[in-house]
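Chains A and B are the protein sequences, given in the same order. Residue 1 is where the first sequence starts when you use this note's numbering, and the numbers rise one by one after that. Residue 293 is where the second sequence starts when you use this note's numbering, and the numbers rise one by one after that.
One thing to keep in mind: the hints can contain errors.
Simulated restraints on C-beta separations [stated by the list, open to error]:
id, chain 1, residue 1, chain 2, residue 2, range
1, A, Gly242, B, Ser403, 55 to 61 Å
2, A, Pro33, B, Arg384, 49 to 55 Å
3, B, Val297, A, Asp60, 32 to 38 Å
4, A, Asp60, B, Ser403, 38 to 44 Å
5, B, Arg384, A, Glu11, 58 to 64 Å
6, A, Lys110, B, Arg384, 38 to 44 Å
7, B, Pro300, A, His151, 55 to 61 Å
8, A, Ala59, B, Gly333, 17 to 23 Å
9, B, Glu442, A, Arg90, 31 to 37 Å
Non-contacting residues of chain A with respect to chain B, defined by C-beta distances greater than 12 Å in every case (computed) [unchecked claim]:
id, residue
10, Arg2
11, Ser78
12, Asp218
13, Val284
I should point out that these hints are in silico values taken from the structure, not numbers from a laboratory. C-beta atoms are modelled at their ideal positions from N, C-alpha and C, and glycine is treated no differently.
Residue strings, one per chain:
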Amino acid sequence: MRGYNFAYLDEQTKRMIRRAILKAVAVPGYQVPFGSREMPLPFGWGTGGIQVTASIIGADDVLKVIDQGADDTTNAVSIRRFFALTTGVRTTEETAEASIIQTRHRIPEKPLTADQILVYQVPIPEPLRWLEARETETRKMHALAEYGVMHVKLYEDIATHGRIATSYNYPVLVNERHVMAPSPIPKFDNPKMDHMPALQLFGAGREKRIYAVPPYTDVKSLDFEDYPFEKQTWEHACALCGSRDSYLDEVVTDDRGGRMFVCSDTDYCAERRDAGHVGTGAPVTYGADAAE
Amino acid sequence: MAGPVIMPGLADPVADSQSVFRGVLHAMSRPGTIVHLAGLGEAPAPLSPAAAALCLSLVDHDTPLWLDCAVAGGQGAADFLRFHCGSPVVARPEEAVFAVVADAAAMPPLSSFDPGTPEYPDRSATVIIQVAGLADDAGMRLSGPGIEAEARLRVDGAPADLWDWVRDNHGLYPCGVDIVFAAGERIAALPRSTRVEG
Chain A
1 MRGYNFAYLD EQTKRMIRRA ILKAVAVPGY QVPFGSREMP LPFGWGTGGI
51 QVTASIIGAD DVLKVIDQGA DDTTNAVSIR RFFALTTGVR TTEETAEASI
101 IQTRHRIPEK PLTADQILVY QVPIPEPLRW LEARETETRK MHALAEYGVM
151 HVKLYEDIAT HGRIATSYNY PVLVNERHVM APSPIPKFDN PKMDHMPALQ
201 LFGAGREKRI YAVPPYTDVK SLDFEDYPFE KQTWEHACAL CGSRDSYLDE
251 VVTDDRGGRM FVCSDTDYCA ERRDAGHVGT GAPVTYGADA AE
Chain B
293 MAGPVIMPGL ADPVADSQSV FRGVLHAMSR PGTIVHLAGL GEAPAPLSPA
343 AAALCLSLVD HDTPLWLDCA VAGGQGAADF LRFHCGSPVV ARPEEAVFAV
393 VADAAAMPPL SSFDPGTPEY PDRSATVIIQ VAGLADDAGM RLSGPGIEAE
443 ARLRVDGAPA DLWDWVRDNH GLYPCGVDIV FAAGERIAAL PRSTRVEG
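This is chain A alone, in the form it adopts within the complex (with noise of 0.2 Å):
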């Protein structure tokens, strides 16, 4: 694209941006500051996760942008058409294929391989941020190890709901040292990053923070012995392929209580319908008005 480096970038910012990608991946969890720049969208439109993307990338790589798992959806496309215009960089709808996967609250369902990179787009990066308002304080917790206040919280949910009501952005302690946020992803999705071939990495544009996860990195889940983690499950299957075992949305068919629930990984649906796998293709109901 003319009148625009490589990426969009420039070299310098890349550099910043690098070596703080590399700090990052040495201190797996911790949250290196960056100097986060004004990108042509605002913050809390994935700039981290494009200012990270953008530093990255080369001309062999394939990316593949997906928003909630979905390939179509305004934001996967727009920052798709960013790359594509201002790298010339092949996109790709499929997760085997993407050498680069940014993404906005999951992870996709395909296991990915260690010849990838998952980028995650982060609003949030500070794990304790809702319990302790100030930074000069959370930075001190981070550098103690002083995680009491956390488990406080998820006891305290136990407390109030019977469970640990926390069903996204769920905490966990990376490489037995950092409690991270994994964005807000949902738990579903957390076991994912446990052990994961290929690398993490996280960037959060307006907070200004990068962080990372190495490949076959613990994470673990913060839970208690009596409170194990548990991920999300669903009384239905995906009604257009069938799967058990995928995380799904809840679609709102009617005014009548009607319901769908579908894959939320567009990719991994349409590669099970194409493979023959279908779905019930009908909404299940719910309440007084469904019985009519």
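Based on these hints, arrange chain B on the given structure of chain A.
Chain B alone, transformed into the frame defined by chain A:
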């Protein structure tokens, strides 16, 4: 006017620094893995092509650079780095964000370099050590983040106390320096997170 001739830097600064970075990212996220940085140009002695390329890709005016006597003394090499990277060259190892060691046998202990602070462990040095050879099928046993079960790394021409230094460095975790070994066009990294056993 006859002056010292400075060798050219990366042939294609944008594409080459990206591929060098991906190489070192791969090495850093998989400690002990040997990465071949292909297609590098010549480097001024005593810099190896890989060490020179790492500097050209990562070092700039924001990152004070420390050079050992071998590099600082080789007029071509110091001028090359000063010209292409534009970084301040510092006299004391503890002031450096990046350090280049060409004569590994004479290098100062790893503890001379900045390990960062408990609040900001990222503000630590990255030490590039040129060595005679690297092998990943023998030598020390590595484990930790980035390593599936166990990796091996043998460093030829390493300082005698290297592995003691590396163990002490790991003991500082999450503080500590990160090492990139460079041999010819090949690199291997040893971040502070890696555990080393003899």
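To see whether the hints hold, each was checked on the structure:
no.	hint	in the structure
1	A:Gly242 with B:Ser403: 55 to 61 Å	holds, 60 Å
2	A:Pro33 with B:Arg384: 49 to 55 Å	violated, 25 Å
3	B:Val297 with A:Asp60: 32 to 38 Å	holds, 34 Å
4	A:Asp60 with B:Ser403: 38 to 44 Å	holds, 40 Å
5	B:Arg384 with A:Glu11: 58 to 64 Å	violated, 29 Å
6	A:Lys110 with B:Arg384: 38 to 44 Å	violated, 51 Å
7	B:Pro300 with A:His151: 55 to 61 Å	holds, 57 Å
8	A:Ala59 with B:Gly333: 17 to 23 Å	holds, 19 Å
9	B:Glu442 with A:Arg90: 31 to 37 Å	holds, 36 Å
10	Arg2	holds, 15 Å
11	Ser78	holds, 23 Å
12	Asp218	violated, 8 Å
13	Val284	holds, 42 Å
Consistency note: the structure conflicts with the earlier hints numbered 2, 5, 6, 12.
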